[in-house]
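Protein sequence lines, in the order shown, are assigned to chains A and B. Going by my numbering, the first sequence opens with residue 156, and the numbers climb by one from there. Going by my numbering, the second sequence opens with residue 12, and the numbers climb by one from there.
Read the hints as simulated data drawn from the structure, not as lab findings. C-beta: ideal position from N, C-alpha, C; glycine also. Treat the hints loosely; a few may be bogus.
[Said to hold, decoys possible] In silico lysine-lysine, DSBU-like type, Cα no more than 35 angstroms apart, as pairs:
(1) B:Lys98 - A:Lys188
(2) A:Lys214 - A:Lys188
(3) B:Lys111 - B:Lys98
(4) A:Lys214 - B:Lys98
[As the list claims (entries may be wrong)] Stretch-level coverage of chain A by chain B, calculated; a stretch enters the list once three of its residues show a Cβ under 8 angstroms from a Cβ in chain B:
(5) 204-218
(6) 259-265
(7) 272-278
(8) 284-296
(9) 328-341
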Amino acid sequence: MHIAEGFLPPAHAIGWTIAAAPFVVHGARAVVKEVRENPESTLLLGAAGAFTFVLSAIKLPSITGSSSHPTGTGLGAVLFRPPVMALLGTVVLLFQALLLAHGGLTTLGANAFSMAVVGPWAGYAVYRLVRRSGGGLLPGVFAAMAVADLATYVTTALQLAWAHPDAASGFAGAAAKFLSVFAFTQVPLAIGEGLLGVLLFRVLVVNARPELERLGVLRRTPEPDQAPVPEPTPGGER
Amino acid sequence: MRRHLVTALLVLAVIALFATPLLLDGGSEYAGTDSQATELIEDSDAGYEPWFESVFSPGSSEIESGLFAMQAALGGGVLGYVLGRLKGRRTAERQRQTAKRQRRTAERQRRTAEEAATPPAAP
Numbered sequence: 156m157h158i159a160e161g162f163l164p165p166a167h168a169i170g171w172t173i174a175a176a177p178f179v180v181h182g183a184r185a186v187v188k189e190v191r192e193n194p195e196s197t198l199l200l201g202a203a204g205a206f207t208f209v210l211s212a213i214k215l216p217s218i219t220g221s222s223s224h225p226t227g228t229g230l231g232a233v234l235f236r237p238p239v240m241a242l243l244g245t246v247v248l249l250f251q252a253l254l255l256a257h258g259g260l261t262t263l264g265a266n267a268f269s270m271a272v273v274g275p276w277a278g279y280a281v282y283r284l285v286r287r288s289g290g291g292l293l294p295g296v297f298a299a300m301a302v303a304d305l306a307t308y309v310t311t312a313l314q315l316a317w318a319h320p321d322a323a324s325g326f327a328g329a330a331a332k333f334l335s336v337f338a339f340t341q342v343p344l345a346i347g348e349g350l351l352g353v354l355l356f357r358v359l360v361v362n363a364r365p366e367l368e369r370l371g372v373l374r375r376t377p378e379p380d381q382a383p384v385p386e387p388t389p390g391g392e393r
Numbered sequence: 012m013r014r015h016l017v018t019a020l021l022v023l024a025v026i027a028l029f030a031t032p033l034l035l036d037g038g039s040e041y042a043g044t045d046s047q048a049t050e051l052i053e054d055s056d057a058g059y060e061p062w063f064e065s066v067f068s069p070g071s072s073e074i075e076s077g078l079f080a081m082q083a084a085l086g087g088g089v090l091g092y093v094l095g096r097l098k099g100r101r102t103a104e105r106q107r108q109t110a111k112r113q114r115r116t117a118e119r120q121r122r123t124a125e126e127a128a129t130p131p132a133a134p
């Protein structure tokens, strides 16, 4: 989903940068607020950033005969809500633009918009939908990770189609072409990413239960052997 | 036991998902979709000239894959550190609880022993 350096015309490059900037600034403030108010969140924030860091470094083969990389932004979106990922995702993109010639500075805005804004929000929306319709945590996580991944690549395809419309068939024709490059290849990767997310959450549910309860991912259940003596405060339990 | 089985099956599913295309290899080169998109632009929008160059490009594919490996290692390292700390914290918590329970049991036993030793006061 990295649009290569220089491959968006200046107007698009500037436009996407302006579009992504408020999300990234808001995300930076969300991260600072989270760390200041809940210092114990730092560990899981690190995990969310690290997950995106690993996954976006690994290019995986797909049945379509091409290869691509997952994004890993759904995890942080589920844990800390999407704004946090706007910053963490952009940091990853900046790292790759500066050190790996992957993506670029002129396309950073567009890439951040797809991977750090649209992906996490789409994944989070689906996660909420699954949870609200009675789905469990793990199905919700699977859906969030897979959709965050796919939505990112669909966004990239549309961004490219907008910047480089087909001479004959215009935007629609170009969108079909770019989607055929990105979207189908991404389906198995999205499923794999969903499974990885489930694996990771199975570990977190056991080992990071207090954090998950505080973040509202798990409902608070007083464990019989953990709560010292559950004192029912009169009128406190509703 | 069942928990471990589910974990193993999940890991296997992930491996299978990415090993299958390689096993079914139809002579594909598995070009990256990012570079395919770039080629597509060069084909369909031939008049387009990239107007900005990367500030730094790894000199060779070896350097590039090394930098990618470094990125993955950094991420994997941090992730492993966090999971290790969380797991260690959980283990320590459990040990504290077990110790507490053992102390309580010992205390209860001591008390019953004391009560048995002192003869009940005559009414």
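Here is how each hint holds up against the structure:
| no. | hint | verdict |
| --- | --- | --- |
| 1 | B:Lys98 - A:Lys188 | holds (26 angstroms) |
| 2 | A:Lys214 - A:Lys188 | holds (33 angstroms) |
| 3 | B:Lys111 - B:Lys98 | holds (20 angstroms) |
| 4 | A:Lys214 - B:Lys98 | holds (29 angstroms) |
| 5 | 204-218 | holds (count 15) |
| 6 | 259-265 | holds (count 3) |
| 7 | 272-278 | violated (count 0) |
| 8 | 284-296 | violated (count 0) |
| 9 | 328-341 | holds (count 7) |
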